[in-house]
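Hey, can you work out the whole structure from these sequences and the hints?
There are 6 protein chains.
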Amino acid sequence: MFRHQKELQFEAKPDRPNPLIAKYLQELIGGQYGEMSVAMQYLFQGWSCRGEEKYKDMLMDIATEELGHVEMLATMVARLLEDAPVEDQEEAMKKDPTIGAIISGMNPQHAIVAGLGPRPADSVGNPWSGGYIVASGNLLADFRANLNAESQGRLQVARIYEMIDDRGVKDLLAVLLARDSYHQNLWASAVKELEENEGSILVPSTFNRENERKDIAYDFYNFSEGDESSKGSWASGEALDGEGEYQWLAEPKIEGDKPKLQRVTPKMYGTPPSKNKTCKSGYVQHPLGPYHSTE
Amino acid sequence: MFRHQKELQFEAKPDRPNPLIAKYLQELIGGQYGEMSVAMQYLFQGWSCRGEEKYKDMLMDIATEELGHVEMLATMVARLLEDAPVEDQEEAMKKDPTIGAIISGMNPQHAIVAGLGPRPADSVGNPWSGGYIVASGNLLADFRANLNAESQGRLQVARIYEMIDDRGVKDLLAVLLARDSYHQNLWASAVKELEENEGSILVPSTFNRENERKDIAYDFYNFSEGDESSKGSWASGEALDGEGEYQWLAEPKIEGDKPKLQRVTPKMYGTPPSKNKTCKSGYVQHPLGPYHSTE
Amino acid sequence: MFRHQKELQFEAKPDRPNPLIAKYLQELIGGQYGEMSVAMQYLFQGWSCRGEEKYKDMLMDIATEELGHVEMLATMVARLLEDAPVEDQEEAMKKDPTIGAIISGMNPQHAIVAGLGPRPADSVGNPWSGGYIVASGNLLADFRANLNAESQGRLQVARIYEMIDDRGVKDLLAVLLARDSYHQNLWASAVKELEENEGSILVPSTFNRENERKDIAYDFYNFSEGDESSKGSWASGEALDGEGEYQWLAEPKIEGDKPKLQRVTPKMYGTPPSKNKTCKSGYVQHPLGPYHSTE
Amino acid sequence: MFRHQKELQFEAKPDRPNPLIAKYLQELIGGQYGEMSVAMQYLFQGWSCRGEEKYKDMLMDIATEELGHVEMLATMVARLLEDAPVEDQEEAMKKDPTIGAIISGMNPQHAIVAGLGPRPADSVGNPWSGGYIVASGNLLADFRANLNAESQGRLQVARIYEMIDDRGVKDLLAVLLARDSYHQNLWASAVKELEENEGSILVPSTFNRENERKDIAYDFYNFSEGDESSKGSWASGEALDGEGEYQWLAEPKIEGDKPKLQRVTPKMYGTPPSKNKTCKSGYVQHPLGPYHSTE
Amino acid sequence: MFRHQKELQFEAKPDRPNPLIAKYLQELIGGQYGEMSVAMQYLFQGWSCRGEEKYKDMLMDIATEELGHVEMLATMVARLLEDAPVEDQEEAMKKDPTIGAIISGMNPQHAIVAGLGPRPADSVGNPWSGGYIVASGNLLADFRANLNAESQGRLQVARIYEMIDDRGVKDLLAVLLARDSYHQNLWASAVKELEENEGSILVPSTFNRENERKDIAYDFYNFSEGDESSKGSWASGEALDGEGEYQWLAEPKIEGDKPKLQRVTPKMYGTPPSKNKTCKSGYVQHPLGPYHSTE
Amino acid sequence: MFRHQKELQFEAKPDRPNPLIAKYLQELIGGQYGEMSVAMQYLFQGWSCRGEEKYKDMLMDIATEELGHVEMLATMVARLLEDAPVEDQEEAMKKDPTIGAIISGMNPQHAIVAGLGPRPADSVGNPWSGGYIVASGNLLADFRANLNAESQGRLQVARIYEMIDDRGVKDLLAVLLARDSYHQNLWASAVKELEENEGSILVPSTFNRENERKDIAYDFYNFSEGDESSKGSWASGEALDGEGEYQWLAEPKIEGDKPKLQRVTPKMYGTPPSKNKTCKSGYVQHPLGPYHSTE
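Residue numbers (the numbering used here), protein chains in the order written: chain R, 7 to 301; chain Y, 7 to 301; chain G, 7 to 301; chain U, 7 to 301; chain S, 7 to 301; chain A, 7 to 301.
Just to be clear, a hint being listed does not mean it is correct.
List of simulated lysine to any residue pairs, SDA-like, C-alpha gap at most 25 angstroms [claimed, not checked]:
no., chain 1, residue 1, chain 2, residue 2
1, A, LYS19, S, ASP247
2, A, LYS281, A, ARG269
3, A, LYS281, A, THR271
4, S, LYS259, S, SER280
5, Y, LYS237, U, PRO279
6, G, LYS198, U, LEU255
7, A, LYS12, S, TRP254
8, Y, LYS220, Y, SER239
9, R, LYS237, Y, ARG173
10, S, LYS12, U, GLU13
11, A, LYS176, S, ASP247
12, Y, LYS281, G, GLU199
13, Y, LYS273, G, GLU199
14, R, LYS264, Y, ARG173
15, S, LYS220, S, GLY262
16, S, LYS259, A, GLU17
17, A, LYS259, A, ASP233
18, S, LYS198, A, LEU255
19, G, LYS100, S, ILE260
20, Y, LYS176, R, SER211
21, S, LYS101, A, THR271
22, R, LYS266, Y, GLU13
23, R, LYS19, Y, PRO258
24, Y, LYS273, G, ILE222
25, S, LYS100, G, GLU168
26, Y, LYS12, R, ILE260
27, G, LYS259, U, GLU13
28, A, LYS281, U, GLU216
29, A, LYS12, S, GLN268
30, G, LYS259, G, GLY238
31, R, LYS281, S, LYS237
32, S, LYS101, A, PRO272
33, Y, LYS12, R, GLU261
34, Y, LYS266, R, GLY174
35, G, LYS273, S, GLU216
36, U, LYS281, Y, GLU234
Simulated from the structure, these hints should not be mistaken for lab results. This one's a predicted model, so the numbers in the text were calculated from it and none came from an experiment.
Written out as structure tokens, the structure is:
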């Protein structure tokens, strides 16, 4: 259950309207790593949480904070769009090349669809998608997703910070940068805690490694020319998981054959066998098929 | 530039056809964390790499390996679909309830669209999307994305491993589990290396922290009832970035006001002011607007 | 700014696990008219609101309530998935045809991707999309969108209510049905209030009707055979907007010509003119083109 | 079955080419509330119509009219693109800043993909989606969707009308404004007719209200600070459905508990229980599970 | 402009309801090569047609026919859904395993969203997308797209024909198969006509081939092991375009270098240069950059 | 299995940075007919190939070549973005209108999301979609898809060639034009070979034509006014498939009735029958329904 409080947690006032900045900020609202993504991601992780209460509580705290970030950015975008050059554009454009550039650079949906308000979309107009968010039911996996999300997010905020001149917008970005710093610290701490508790850096830590091909679990295969990749920390020495030794192989191990598929029922109308030569691999009912008993 | 070699790196032969398993494996081909995603993600990261050669070379190695994983899974799916109950289904369904369940559970596009071959889509049929992949130009951010991707990926493989009984498919999954183990080790090692080199765990490490609101960069705000979140490693003690001290605040800091938007030009046809009362906030040309000089 | 309260507003406990019902409920979480849609729709409308405070406050109240609805449904889905037949499926399937049907009918991502938790997607697996939501900056238009959303939503809940037997799930649906009843009443009341205040049922009410083709603004054109459409309330009598008289025309008015496009620059590589006959409409620089002065 | 007639119903000739207006008009062709949406929406509603013939006939009439609207707009866009500055852009751009703005503002797919023709997409380039349309099999619900669609549509046309200077385009928009006026009248009339006939404003009107939680069906819950929402017509007095009395509650009713999910099978590889403390909620086979008999 | 005629061109009556067949037919309505795709594709091609009238007229004829095909299929789906087992499913499922399979195999949106009507989506539920259609402004290119579309379409119809037992549905599919035969003939004829008229099989035929690298325009590069590809008609002899001789090269020509990207401004916050070694390729203002004059 | 070779097959160096050209080239990377599409399309066709080895080998060769094309274009885009005007944009914009146009025309995700690198998306920002690719299991159908893809692709390259002035980019486009020429030749040759071998131009060639409505398989129906369509090669004479005679019918054949759907169970909550008149078509349990035996 949620409650709404009217104050913004931090102020969201631009120095002056600017529809290009409004377009940029959409990335932080509805982009792959925008605030809608992190809010929804932490909510679904919290709602699916079957683990310790402190993780669930923490997830709900941060998710709820992020909802407020969407609100601050949505407010900022609405204000940046006030006074946008939306009327009689052709005339305005001819008078002043800067206005011309703004008109042609503006997101047209900001005017036509939203009437000078924010959109649930990114900076090029792709609508936000549920496909962005990650909630797997495994907290170590998901906290790594979160650490990535806050890293990508802070990077994008830093870039926009340099692209613009508006002090008011920069003040809000300075807040977001700080909160993304904290959230990176937080997820990194929580990842460390879980790794220590689970006794492994591998997700999932509980899968019985006897069931994987552990003999190939520490190999680096050199699939490209050159051996620069052999110089990294991943190429030799003890593996981070403490259970093996990295090895760099100049040539990949190959165990498989050239695959050759069987023909299937002609009722699927695949390419018929060539008439010009003897066809050796015609369709044969699979003898071990689970659907037709062989008796 | 790429070359193709006909052998599969590892074998991809099911014990017997099974269209339900074929449907599950689609998640590993074309899902958010399937092999198409990691292959394309590492390719775009490699192609955008402006850093040291060893990272670029390594990215291209792993990307190229993952392309081969898509191939192994695509081959496996094609073989699992051989002998699927695609003809005269109604009759077949009435005879045998297990066939009935298989028919109704099968992905219909495996038959209708692909003629018993794999699809560039996930286990419920969503087509693979370029929106899944991450390539930001910042390797530390992206390697965290990669560590997450391999964590989610290995988790999904482990789950399918338990859901099915087919030994041949399990043999391939055992390979994928091992490679995902290695790749988790690899990205974790590379992350560690970059963090040490950049001297910070924060992405981006080069943003001048004087420009962020560092005074709020170590606060945990308790946005939900209960204080379980105060028990985590993120709530007190020195922050992982070594530049501050975590603090857990029972109440979030609030600096902002209730936002109140200005009316905009009536030509956007927003809701007109109420006729029943004096309207104090009619549309006023913004005095600092960049487009209309005030003179 | 938001706060989270740990209690669910209403209880969300199924009588017993059932992954098929879990699949159905996804429509109410992440479908076009699911709770994610209405929550986000009302939030964006509230954040864009430039009108009277009572509308903004009301939008934020209902939006916040709907966020809690997502939470209740997400919790219900997680519980319906407990004990789903996810292990050794083939064997289980052969033993019991009902389990077979459940396995083949289950959303595979509920197991593989979410580890038996809810997904931000609809009942066939399409991820939720920002493209579903409506926030135009005109409250009368948007409240009509909301009335539609609550109508579609309650209809879907009513259908699922009849499809299932689980008392615990039905208890939650009974709550949603009541709240959707209230919300239909609410939006209908708000629509009525705005129509009365704006003095028109047309959106936007402030567009100067002299600028539209008012002479054709009350015509019904019979574009199909048969005249059953002439029997509706829309076909004769005074129009609801009070400014005209409906008329039903057996034949549509036609004012336009057959369109014939000009050829464009050959550098766009359209189909070249036929060699077999005299081409009368070759590419001619448009004399009034805005880009090339004619002097 | 359909027939095509070569005349456009109304003329579609711009005064002069203008690729920026072409970009705007795409919203009316392939946007969420563009003509493709309403045409397809009314078609699917007509084809699914199990009710009275007059509704089906009317739906097919209006749908068929809207197909002609797509055609008029597509023709207009093609003409607006004639003579667009597509060749040797860099040189052209340096000569004239207005051309520079046009080049950078133009939808690049208008040239590269469509060769100066219209696109089945909106003004920022999102392809039209079947996910936009609504056809539920309940006419009252769907006519509300239609009333909303025509309201959003007319709003967007009105906005573009103000943004541009081209008389020829405005003439077509004046037609669309009038037809959207009529269609708003039409759907409002049809909604009224159905509400009267069904004897209720609630969708679906036939759901037995004893089965919903009628005791909470007239409550407004104040989920946000402030009581401005209590001043609306939805907050007190008789409800529009005539079956209850609105009440505004300063505090939401709360009936539920804090949710606590059960652990599920370890084969789903969720987060394992903490090793540091006694775990009280380990995985227990659900006693009422439908799949495993308890005997 | 369009007209609607009430008769279906061909009958659309199943022998008996069957929601699984309804699910399959969705591929023919809203799949990548369903009737919505071809109808819309031919419409946009017709509306963009700047060539001879006979092509435009023909495109509009076929497009209009295809709209009627959507109608026939939509009607068929609605009828196949009548009497679907939508109520009290759990009980019904336990009684009869075939009903169990049907319930679990049914598209849940057919009931929940559409109330037993058709959906603008494919057989796995992906909404139809404007991204499927092709209209480039070059008829030869587009007629090849059309020939492909009718080929894929007829293939899918043929597959469904074999999958089902219902005579009434098969009668409609027999009509679609015939029309797809004709349309394949038609597009193949039109392609041939255009190729002859344009004097080339290459699209676009009017591009000056002096501007392409004609020296590499007839090479087959063997990028994979094995030389089976050398046995095709594409590997030797005169090229179909009549302007060159195919040659099969055992090794691809290589002209390029290893790419090495420049560092960009540090304000984009890419990975900083390693501190451990001399960095030779730091960021240098590009001397030929178009934005900063060098004076 | 794949290998990576560090050299680009052909050089990818622009004369100077230009972010507008970078935006255009995205169409060739991640558009519907970009190199990601053809690479993935040929891979999936190759992996699904159940036919002769020479086709599979050839598909893998061309697919592998196309992967290298993505790499060349990705490299080119990265270089075109070097030195883009990303910092302090407002100030830069005011100084120079050309820079203003470039800033407003640039894809903002090139800076904010990718840090001046390529994106897996098209020229307006739509992410690449698995929905673009075609792999049906029938080679004749798929080779027609490929011929179309290379036609659309070469057309787009030709257009961009004319739009830009950069010699270095044009050099790469000249390579792509040549390779697209070859690939058109190749697919046309392969189509011809398959048509000859299968003995039919119809896909699928093996469907028994007795089962289609062959009596209507050569009819052109004139669904629009005017008879220009009767002048094409598709309107008279022997059909290309050699099995019939084209005929042009001034009026379409009509065999169907007006469809009238049955009412379905009231539990789906469709529109209830009108109270004002005798309802003749109430819901009747379908006597031949497969789910409820009539005994």
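Comparing the hints with the structure gives:
{"no.": "1", "hint": "A:LYS19 x S:ASP247", "verdict": "violated, 31 angstroms"}
{"no.": "2", "hint": "A:LYS281 x A:ARG269", "verdict": "holds, 15 angstroms"}
{"no.": "3", "hint": "A:LYS281 x A:THR271", "verdict": "holds, 18 angstroms"}
{"no.": "4", "hint": "S:LYS259 x S:SER280", "verdict": "violated, 36 angstroms"}
{"no.": "5", "hint": "Y:LYS237 x U:PRO279", "verdict": "holds, 16 angstroms"}
{"no.": "6", "hint": "G:LYS198 x U:LEU255", "verdict": "holds, 22 angstroms"}
{"no.": "7", "hint": "A:LYS12 x S:TRP254", "verdict": "holds, 23 angstroms"}
{"no.": "8", "hint": "Y:LYS220 x Y:SER239", "verdict": "holds, 20 angstroms"}
{"no.": "9", "hint": "R:LYS237 x Y:ARG173", "verdict": "violated, 38 angstroms"}
{"no.": "10", "hint": "S:LYS12 x U:GLU13", "verdict": "holds, 22 angstroms"}
{"no.": "11", "hint": "A:LYS176 x S:ASP247", "verdict": "holds, 23 angstroms"}
{"no.": "12", "hint": "Y:LYS281 x G:GLU199", "verdict": "holds, 12 angstroms"}
{"no.": "13", "hint": "Y:LYS273 x G:GLU199", "verdict": "holds, 23 angstroms"}
{"no.": "14", "hint": "R:LYS264 x Y:ARG173", "verdict": "holds, 20 angstroms"}
{"no.": "15", "hint": "S:LYS220 x S:GLY262", "verdict": "holds, 18 angstroms"}
{"no.": "16", "hint": "S:LYS259 x A:GLU17", "verdict": "holds, 12 angstroms"}
{"no.": "17", "hint": "A:LYS259 x A:ASP233", "verdict": "holds, 16 angstroms"}
{"no.": "18", "hint": "S:LYS198 x A:LEU255", "verdict": "holds, 22 angstroms"}
{"no.": "19", "hint": "G:LYS100 x S:ILE260", "verdict": "violated, 57 angstroms"}
{"no.": "20", "hint": "Y:LYS176 x R:SER211", "verdict": "holds, 19 angstroms"}
{"no.": "21", "hint": "S:LYS101 x A:THR271", "verdict": "holds, 20 angstroms"}
{"no.": "22", "hint": "R:LYS266 x Y:GLU13", "verdict": "holds, 10 angstroms"}
{"no.": "23", "hint": "R:LYS19 x Y:PRO258", "verdict": "holds, 20 angstroms"}
{"no.": "24", "hint": "Y:LYS273 x G:ILE222", "verdict": "holds, 23 angstroms"}
{"no.": "25", "hint": "S:LYS100 x G:GLU168", "verdict": "holds, 17 angstroms"}
{"no.": "26", "hint": "Y:LYS12 x R:ILE260", "verdict": "holds, 11 angstroms"}
{"no.": "27", "hint": "G:LYS259 x U:GLU13", "verdict": "holds, 11 angstroms"}
{"no.": "28", "hint": "A:LYS281 x U:GLU216", "verdict": "holds, 22 angstroms"}
{"no.": "29", "hint": "A:LYS12 x S:GLN268", "verdict": "holds, 17 angstroms"}
{"no.": "30", "hint": "G:LYS259 x G:GLY238", "verdict": "holds, 20 angstroms"}
{"no.": "31", "hint": "R:LYS281 x S:LYS237", "verdict": "holds, 16 angstroms"}
{"no.": "32", "hint": "S:LYS101 x A:PRO272", "verdict": "holds, 23 angstroms"}
{"no.": "33", "hint": "Y:LYS12 x R:GLU261", "verdict": "holds, 12 angstroms"}
{"no.": "34", "hint": "Y:LYS266 x R:GLY174", "verdict": "holds, 16 angstroms"}
{"no.": "35", "hint": "G:LYS273 x S:GLU216", "verdict": "holds, 15 angstroms"}
{"no.": "36", "hint": "U:LYS281 x Y:GLU234", "verdict": "holds, 18 angstroms"}
Against the hints set out earlier in the document, violations occur for numbers 1, 4, 9, 19.
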